[in-house]
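Protein chains in written order, with our numbering: chain E, 1 to 379; chain H, 1001 to 1379; chain U, 2001 to 2379; chain Y, 3001 to 3379.
Source of the hints: derived by calculation from the structure; they are not laboratory data.
Even for Gly, the Cβ is constructed at its ideal location relative to N, Cα and C.
Any given hint could turn out to be false.
Unchecked claim - Over the 10 Å line for every Cβ pair with chain E, so calculated as not near, a few chain U residues:
#, residue
1, PRO2022
2, ARG2035
3, ALA2039
4, ILE2045
5, GLN2097
6, GLU2110
7, GLU2114
8, THR2235
9, ALA2240
10, GLY2264
11, VAL2272
12, ALA2273
13, PRO2304
14, VAL2316
15, ALA2343
16, PRO2365
To be verified - The calculated BS3-like cross-link candidates involving lysine-lysine, where the alpha carbons are at most 25 Å apart (straight line), are:
#, chain 1, residue 1, chain 2, residue 2
17, E, LYS141, E, LYS184
18, E, LYS7, U, LYS2178
19, Y, LYS3358, U, LYS2007
There are 4 protein chains.
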Amino acid sequence: MGAPSFKEIRRAYGFDEVAIAPGQVTVNPDMTSTRMKVADHAFDIPIMASSMDAVVSPAFASLMHRKGGLGVLNLEGIYTRYDDPHTTLEEIASAPQAEVTALLQRIYAESIREELVGSCVETIRKSGAACAVAVTPQNTKRLSPVAVEAGADIVVVQSTVTTARHLSRSYEGLIFSKFVKQVKAPVIVGNCAGYSTALELMETGISGLLVGVGPGAACTTREVVGVGVPQVTATLDCAAAREEHFKRTGRYVTIITDGGIRTGGDLCKAIVAGADGVMLGTPLAQAREAPGGGFNWGMATPHPDLPRGTRISVGVKGPLKEILHGPTSLTDGTQNLVGALKAAMGMCGAMNIRELQKAEMIIAPSIKTEGKIFQLSRN
Amino acid sequence: MGAPSFKEIRRAYGFDEVAIAPGQVTVNPDMTSTRMKVADHAFDIPIMASSMDAVVSPAFASLMHRKGGLGVLNLEGIYTRYDDPHTTLEEIASAPQAEVTALLQRIYAESIREELVGSCVETIRKSGAACAVAVTPQNTKRLSPVAVEAGADIVVVQSTVTTARHLSRSYEGLIFSKFVKQVKAPVIVGNCAGYSTALELMETGISGLLVGVGPGAACTTREVVGVGVPQVTATLDCAAAREEHFKRTGRYVTIITDGGIRTGGDLCKAIVAGADGVMLGTPLAQAREAPGGGFNWGMATPHPDLPRGTRISVGVKGPLKEILHGPTSLTDGTQNLVGALKAAMGMCGAMNIRELQKAEMIIAPSIKTEGKIFQLSRN
Amino acid sequence: MGAPSFKEIRRAYGFDEVAIAPGQVTVNPDMTSTRMKVADHAFDIPIMASSMDAVVSPAFASLMHRKGGLGVLNLEGIYTRYDDPHTTLEEIASAPQAEVTALLQRIYAESIREELVGSCVETIRKSGAACAVAVTPQNTKRLSPVAVEAGADIVVVQSTVTTARHLSRSYEGLIFSKFVKQVKAPVIVGNCAGYSTALELMETGISGLLVGVGPGAACTTREVVGVGVPQVTATLDCAAAREEHFKRTGRYVTIITDGGIRTGGDLCKAIVAGADGVMLGTPLAQAREAPGGGFNWGMATPHPDLPRGTRISVGVKGPLKEILHGPTSLTDGTQNLVGALKAAMGMCGAMNIRELQKAEMIIAPSIKTEGKIFQLSRN
Amino acid sequence: MGAPSFKEIRRAYGFDEVAIAPGQVTVNPDMTSTRMKVADHAFDIPIMASSMDAVVSPAFASLMHRKGGLGVLNLEGIYTRYDDPHTTLEEIASAPQAEVTALLQRIYAESIREELVGSCVETIRKSGAACAVAVTPQNTKRLSPVAVEAGADIVVVQSTVTTARHLSRSYEGLIFSKFVKQVKAPVIVGNCAGYSTALELMETGISGLLVGVGPGAACTTREVVGVGVPQVTATLDCAAAREEHFKRTGRYVTIITDGGIRTGGDLCKAIVAGADGVMLGTPLAQAREAPGGGFNWGMATPHPDLPRGTRISVGVKGPLKEILHGPTSLTDGTQNLVGALKAAMGMCGAMNIRELQKAEMIIAPSIKTEGKIFQLSRN
């Protein structure tokens, strides 16, 4: 074994490997603000609900709005393919695990109906909520005008990996710089990891960027195709791009860490890594009001010949209100996420999200005291 | 993924990741001294019992004194809220695990009674023991005069994260530099992690500093809010601040590593990382005389809307005397902690705590030979 | 512990410790080519089947060819020792685990028959498939002429560790530079790890190099003798040698990562680490058509006095077609390996294998979200 | 958290974290020599049996000699305290695990009888074997003359940590430079870790050095008192001291890695880290002829008030001959240790131990392919 190597490889970090160090000043949590902005839209809490069918139905999007956040509706899922999505959801929830991926493949082979796109958007808007919709790049030109026409406030263009330059034989590539000018709503794009890609996407004029390739609990992209970037490093890199873009242009692009967040602790770490907000899938799929009925699955699960993810059982933890705002008697970090965020802000002396981004982060592998010498009884 | 990152993150270490290297000189353990000082108070062993209700009752504080150490009584716990704390402790010990956090929330909602503060302190003092009491910053101005009036020797101002500067809307912040001059007892402050914060706190005139944010076995702060610093790094950093402060002022502030210590090995590592002493919770909650009855829970457990920790079952290991001084037939490091400390001092050629702080420490992940090839039978 | 150390040790990485970062450009998978060349032989997919008796029989070699890849027949295994290999394979499959290594030792003590070497090669050639055969250095001079005479297209000279210089008392060492000129077929040599050894082997005129010492699932070389190099580092090093050799001579030697690949993700990582192709054992032993009948064992398993590996139960996953090309409903990465490769190429913007080698790789320990907070039900 | 830290801590490595990289030349194992020398005594294999009562009885020492190695008899164990050691050994083997440490404490409280020291040595010498005996520093002046008088060839002065300078109140410290001149046998000293300590001990004129503090399977020193150095780093450091001492004086001190070696792979790694030989406890306690009857315990286990280790069940693997020289059908690395060593030498192109010390070592965490995707059936 000798000197030269074929390429350099650098270390990347996930939530489990880091912790937040307390600050030199502390503040009372009741003095902190958790406000997040996407273009001109402001939200009381920096939390979006994932564009997954088990998480965001039109009704859940309205509920998220009432709790201060934003639900993103998947325009290529069950709600725009089936007149009666509830029956389909029940079918998924009751399928045996061994057969469920094949079932999902069949269910998502049904075609998307534009009239359902329109009516879903209208349902959300009628409730008084802001409406955000997600489309894949392939379908953006077709579906996003329908949604915006029906009243959608924010368009999310989302696939496993999205870059500013895509080569395709079968359809003319989506040119973000053109699309952003044409569509009458702010555009969030994702998912992305990496400084240069993030910078290039920001230069097209987007308002927000979803960060995260392969980290979600319901996603096996990294196992199946080897591609994936741990979320702390992905967020650090994209946040660096945001700062650079802001310095160059004065335009602030919202960074949203999407995937892999399971607890209040992870959420706080995402912010300290530089995010302005987070997108949550499984933690919200655990809400009593979530349409998945105790299950969750990702957008790549029903892929016809290479599914990357499966239906996972996430259980039902409690009402969305308690998951987001508490109070709670659970001590595993899965409830009162906003309370946890405010507590972390207090310990770091941060009055707002922008200040929490300046807190110190350390590399500190997860604690595993339990089961070592003390037997923790939690039954 | 590109060059610039949003921030630097440095590696931090916990007890499981380090070991002590033997010295170039060895001494017989019987020649070593384990003395610790806090201001003018000297203790034969460098061990404090945590200000947790399951660890230190007034009676246990007296016992700690007789064994050479110091017990710290929590002035905001069961002993100052209830006339009959034993009934309350039994209620906690017999509650089902699923309901215990909610029960703790209710129990700690009862108000603190100043006359009980006074009588607790007097009980400890009458036994001939030194009396140390713990208060949170919010209640320091109200409760500490009552305690000192009743005879308390040392005041510990303690919360999850304490800094020299705290911003609050609801109460006027505690100014340590003023408080230290007013109160007629040496002041220990905590908890803290980080060189600059430690230095700033020392400059206010305190006598001791509790090191440790989020590492205890009964604490889930790091899981719930993401904040936490592994103890070896936290101690190294605060010890560096103590040296700097000593160099500048000639005043030696006692560094006490608080939380995460489970064995004699951990205790020794804390000293080698720079501590002058340690504060133990769960290892002493396992004493036959501890009031928790085989359980332990932290000060953040009964938080009304964001509990960070739960009741853990720690079992009853033996009398406090054996845990501290042996002899023992146990080989898991949980008994004869002082014997272990003296053995380590012998192997490192250290005559006293200050010399043991100079021993070499290495990064060495825990040994897991067991269950690999040899099946260790310990049943 | 002091300053000077006896030697430097550098960090090496395996598949579980790295991930691929997406590119700045993406392409549609249907635009990518997965072509691999060995000398003048081209293959549609960069996958060889291992020269293990449980993987490649003459029939399986033909099948591999039809699916776009290349099967390598072990010339020192059951097929050239027994007239009726199927009976022997069944004997192995039905032996109790405690006795199987001793049984394998007995079975492989039978002598190799040259007429069976010839007839195996002819069977493969008659099917229209390219024929690759594997021999150990000791038997190369004796067996390879027989095989080439019978029509073998590629000769693989393979042992646990092969170098350009071997010292032996019992037989005259094989001199690769001479052998390569004499034999009328391109030569692949292995296994190898390390830049200098790889470079020295390439200078002898070989056409391909097998990379991997001790990483296979059916191999315990690293446990038994301590020797082993994690595959990512081994591949990076040998790929660096290939580039250097190409720069010096203009001759491109095919690098094949052999061993330790379990999923599509691992396969993709091998390419990003610099491989031109991979050799798979256990993943193909799981094919319905594989001769091992749900088991696998390595070439070092039947060693008469120091077996290094044992028979492992790998199960039967499905037809070879699905393992290689899908479609699949499995989401653990073990099926549709070529689909996974094309998906990774798409995410990295790579039109061919050579471009995928230029993708970015990061150090990222495996994700273990499962069983942490969410209980994944996969039963 | 700020800039200055209290002390530097450097990374240390154990067997599980490293692997040996193959060499650029390979040799046939039958051409290699595994010879080890201690002063003028030469041994065919570089393996000593530990001075543990469950490993070396006088009869086992004779057997070790016949198999090419050296058994070291503990002069402060059961064989020199009891007329009928077999009864005592059986008592230990049949005690329930919960009571065995207390039993060991009682058994080793019996006094050492000098006439038994003499007769043990004579028994070994009469069998024609070289006789090595182990004493602790406290008892060296009293027991070693008795043993040497009776014919002991090598004296091993051994305790958990031994340095050239020891301070004691209760007995006059052993001065090695004096002792080495007085005693009529070569002296091996240990255990030791660290360059400076090793160098200082070598300067006293010793012939061999035992390396290893706290790594053995039957030792919990690192857990109980926090002191311990992973074996690869400990060996690298002491080997560096040996080279330095040799350069300065021309005298070659034998480095013996003692503790933590479980497999042939570990043994080979110890040599590559710089050892001239190894001392084995548990792997030889597993021999059918070992006196422990399937159990093992360390010298620190019976400590009267701070036992550091316990009786572990190691099982009976086979006759010593198979453990050392094979042949074997086991593939877990616990049998044919010398065959494994010769295989590693072959892969590294090393003709003798001194050449194997020059092989390359890499940092490579243990492989855990098993139980990931393939279910290995080994029942």
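Against the structure, the hints:
A Cβ of chain E approaches the Cβ of U:PRO2022 within 10 Å, the least distance being about 4 Å, so the stated non-interface status is violated. With 10 Å as the threshold on Cβ separation, the claim that U:ARG2035 sits away from chain E holds: the shortest Cβ distance comes to roughly 17 Å. Under the 10 Å C-beta cut-off, the non-interface status given to U:ALA2039 relative to chain E holds; the minimum distance is some 22 Å. Under the 10 Å C-beta cut-off, the non-interface status given to U:ILE2045 relative to chain E holds; the minimum distance is some 15 Å.
The claim that U:GLN2097 is not at the interface with chain E holds, since no C-beta of that chain comes within 10 Å of its own (minimum 27 Å). The Cβ of U:GLU2110 sits about 37 Å from the closest Cβ of chain E, beyond the 10 Å cut-off, so the non-interface label holds. Under the 10 Å C-beta cut-off, the non-interface status given to U:GLU2114 relative to chain E holds; the minimum distance is some 38 Å. U:THR2235, annotated as away from the interface, has a beta carbon of chain E within 10 Å; the closest lies near 8 Å.
With a least beta-carbon separation of about 4 Å from chain E, U:ALA2240 fails to lie farther than 10 Å from that chain, contradicting its non-interface assignment. Its closest Cβ contact with chain E, about 5 Å, brings U:GLY2264 to no more than 10 Å, contrary to its assignment away from the interface. Taking the minimum C-beta to C-beta distance to chain E, about 7 Å, the non-interface status of U:VAL2272 is violated against the 10 Å cut. Look at U:ALA2273: its CB is around 7 Å from the nearest CB on chain E, not clear of 10 Å, so calling it non-interface is violated.
No Cβ of chain E comes within 10 Å of the Cβ of U:PRO2304; the nearest lies about 30 Å off, and the non-interface call holds. Distance check for U:VAL2316 against chain E: the nearest CB is about 16 Å away, which clears 10 Å, and the non-interface claim stands. For U:ALA2343, the requirement that its beta carbon stay farther than 10 Å from each beta carbon of chain E is not met, with the minimum near 5 Å. Against chain E, the non-interface label of U:PRO2365 is violated: not every CB pair exceeds 10 Å, the least being about 8 Å.
Restraint check for E:LYS141 and E:LYS184: satisfied, since their Cα atoms lie roughly 13 Å apart, inside the 25 Å limit. Distance check on the hinted pair: E:LYS7 and U:LYS2178 sit about 33 Å apart at the alpha-carbon level, beyond 25 Å; violated. Distance hint between Y:LYS3358 and U:LYS2007 is fulfilled; the C-alpha atoms sit about 8 Å from each other, no more than 25 Å.
Of the numbered hints given earlier, the model fails hints 1, 8, 9, 10, 11, 12, 15, 16, 18; all others are met.
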